[in-house]
Amino acid sequence: MRYMLMMHAPRGDGEYGITRWSPDALKAHIQFMHDLGKDLNASGEWVDGQGLAAPGEARIVRADPKGLPVVTDGPFAEAKEFLAGYWIVEVDSTERAYAIAGRASTAPGPDGKPLNMKIEVRQVLSAPPTDA
Amino acid sequence: MTAESPDVTIQHLLRELAPQVLGVVVRRHRDFSMAEDAVQEALIAAAAKWPVEGIPANPQGWLYHVAVRRLTDQVRSEVARRRREDAVASEVWAEWAFVPPPTGDIDVEEDDTLVLLFMCCHPALTPASAIALTLRAVGGLTTMEIAKAFLVPEATMAQRISRAKQSIKASGIPFSLPSDDERAERLSAVLHTLYLIFSEGYASSGGPQLQRIDLSNESIRLARMLYALLPDDLEVMGLLALMLLADARRVARTGVHGELIPLDEQDRSRWDRALIAEGVSLVTRALAHRSAGPYQLQAAIAAVHDQAARVEDTDWPAILALYGQLEQISGNPMVSLNRAVAVAMVQGPAAALDFLKTLDDDPRIAGHYRLDAVRAHLYERAGDRERALGHYRTAAERTASVPERDFLMMKAARLAAEPPQKPREAPASELT
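Those sequence lines, one after another, are chains A and B.
Using my numbering, read the first sequence as starting at 1 and increasing by one per residue.
Using my numbering, read the second sequence as starting at 1 and increasing by one per residue.
By construction, these hints were calculated from the structure, which means they are not laboratory data.
Some hints could be false.
[Stated by the list, open to error] Here are the simulated lysine to any residue pairs, SDA-like style, with alpha carbons at most 20 Å apart:
1) B:169 to A:43
2) B:148 to A:41
3) A:38 to B:166
4) B:148 to A:91
5) B:148 to A:43
6) A:38 to B:158
7) B:148 to A:2
8) A:118 to A:55
9) B:148 to A:128
10) B:148 to A:126
11) A:38 to B:331
12) B:148 to A:124
13) B:148 to A:118
14) B:148 to A:114
15) A:38 to B:163
16) B:148 to A:127
17) A:38 to B:155
18) A:38 to B:154
19) B:148 to A:47
20) B:148 to A:125
21) B:148 to A:88
22) A:38 to B:348
[Stated by the list, open to error] Beyond 10 Å from chain B on every Cβ pair, some chain A residues (computed):
23) 58
24) 59
25) 68
26) 79
[Stated by the list, open to error] Reference excerpt, derived from the structure (chain A facing chain B, CB under 8 Å, subset only):
27) 1
28) 41
29) 42
30) 44
31) 46
32) 50
33) 51
34) 53
35) 92
36) 121
37) 123
Just so it is clear, CB atoms sit at the ideal spot from N, CA and C, and this is done for glycine as well.
Chain A with its partners taken away, still in its complex shape (with noise of 0.2 Å):
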């Protein structure tokens, strides 16, 4: 079964809080990303994952009357919570994604504690239908 996890960050008060965060902070929780993404890989449970810009490049496009693209800012300048990123895993059961889940909100923060980020499931729709 494959699911996304899409990693829901506190936005903080300022633009990207984590751009503010000190050396050793930011160093526990860049390195905490790159093991997650070490055990998947090692596990044979990761299929992608990336992290995203920050919310401040964010754009929003709609196509006006004429189908051309109109571009406004993005859909974090009220929001509490950005999108900060995604994995995409294959898993044997759906308590593995949320055990993957859960290790990924411990993601540490600014204090070196637990983030607790929310990290939204989804599943991918790549069952294979069962008529047969």
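Starting from the known structure of chain A, arrange chain B on it as the hints suggest.
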């Protein structure tokens, strides 16, 4: 498939030789994991060289020698590393490094392929690991081909294979045929793994993944190989028959946009007659014996469908009886669900809906989208539009398959668009 190019001929030859060569290397050098890596490298080398230099006179010997050379290099560097770390090199390593390669023909043993299948499909492995390892070690596919087939990165698939090999090592699974008392269980794990490969391929046909290897064909090839090795096993016969009878309908079951076409709407003139004839003959032979196993019964059901020239010619009482037998031996609620569809065809939708109530307390299937899908279908046949709509929509939300979701949403949309209160004379339909 287009006419076979020389490259395709080489590819087929390599896949056929892969388990034979691997068997010889493992018997000689014992370490399955290293031997399997070495044979994989030999296959990749052959795929690059043979199209240019031509197929060698003794292709098995060629592959064997290249594999052994890789293995020896690997062992030598390992010995050197250990010497640096530890003055006393392991005797095992040293012994391997100096095994002289045999000259001329290699002694392929027919049972090797069977032993490899039993090993790669061992119940100690997760299905995903068993599938990956079987396709590589027995199917002779490359890691990259397998990764593409399952739409994961090559590194992920490589890890999955290497973990599968670690599990084999850790469980101490020997390179030999299982003992008589565990044979049945081990064979059923082999059949299950091949069936899972088939389902994965059967489902993905018509999808956007044009470069994927054809997993259905691979699983049928492996099942044929297994049948050649165990020609008297009725369940092997049943599995091969089931695959052929399902594969016969493959082109008819997806539309031009990859959408699912249910059995009762398929253009039966597009079914592959030759595959049906072969499958029917196999299943007939298998069923001539007494106790029918689950694959034989499923094949028999597929045969009844495949032999109906028109959907209204389907022998539903026969299908209902077969599902009854299958339900008894499998105790699987999915089978009961399929039986409900047959019940509806023979006794009407109301009887089938009554029967489905017995499944609501089964935690293995309660809340499963297929229960909703079948209910929707039955309510639709019974003319209860509102309930049918509700269940179609719930099923569409719960399925993890895009073609199935699209199919269910379309059903709901068409039903919702119909003028209400029109008594429906639904065609015979099957949702297996």
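- Hint check, residue 46 of chain A versus chain B [nearest Cβ-Cβ separation less than 8 Å]: holds, 5 Å
- Hint check: 8 Å Cβ-Cβ cutoff, residue 50 of chain A to chain B: violated, 13 Å
- Item | Given pair status - residue 118 of chain A, residue 148 of chain B, alpha carbons within 20 Å | violated, 32 Å
- Are residue 148 of chain B and residue 124 of chain A close enough, with their CA atoms no more than 20 Å apart? Roughly 17 Å separates the two Cα atoms, so the pair holds.
- Task: Would you check the hint for residue 148 of chain B and residue 127 of chain A, treating anything up to 20 Å between C-alpha atoms as holding?
- Result: holds, 15 Å
- Starting from residue 38 of chain A, check that the Cα of residue 155 of chain B is at most 20 Å away, please. holds, 11 Å
- Task: Using 8 Å as the Cβ threshold, decide whether residue 42 of chain A counts as touching chain B.
- Result: Because about 6 Å separates residue 42 of chain A from the closest Cβ in chain B, which is inside the 8 Å limit, the hint holds.
- Cβ separation check - residue 58 of chain A to all of chain B, threshold 10 Å: holds, 27 Å
- Item | Given hint residue 166 of chain B paired with residue 38 of chain A - CA-CA distance at most 20 Å | OK: residue 38 of chain A and residue 166 of chain B at ~18 Å, within 20 Å.
- Query: Keeping to a limit of 20 Å between CA atoms, is the pair of residue 148 of chain B and residue 2 of chain A held or broken?
  - Reply: Since the Cα atoms of residue 148 of chain B and residue 2 of chain A sit roughly 15 Å apart, the hinted pair holds (cutoff 20 Å).
- Message: Hint residue 1 of chain A vs chain B: min CB-CB distance below 8 Å?
- Response: holds, 7 Å
- Item | Straight-line alpha-carbon gap residue 148 of chain B to residue 43 of chain A, limit 20 Å | holds, 18 Å
Hint compliance for this structure: hints 11, 13, 14, 22, 32, 33, 34, 36 are not met, and every other hint is.
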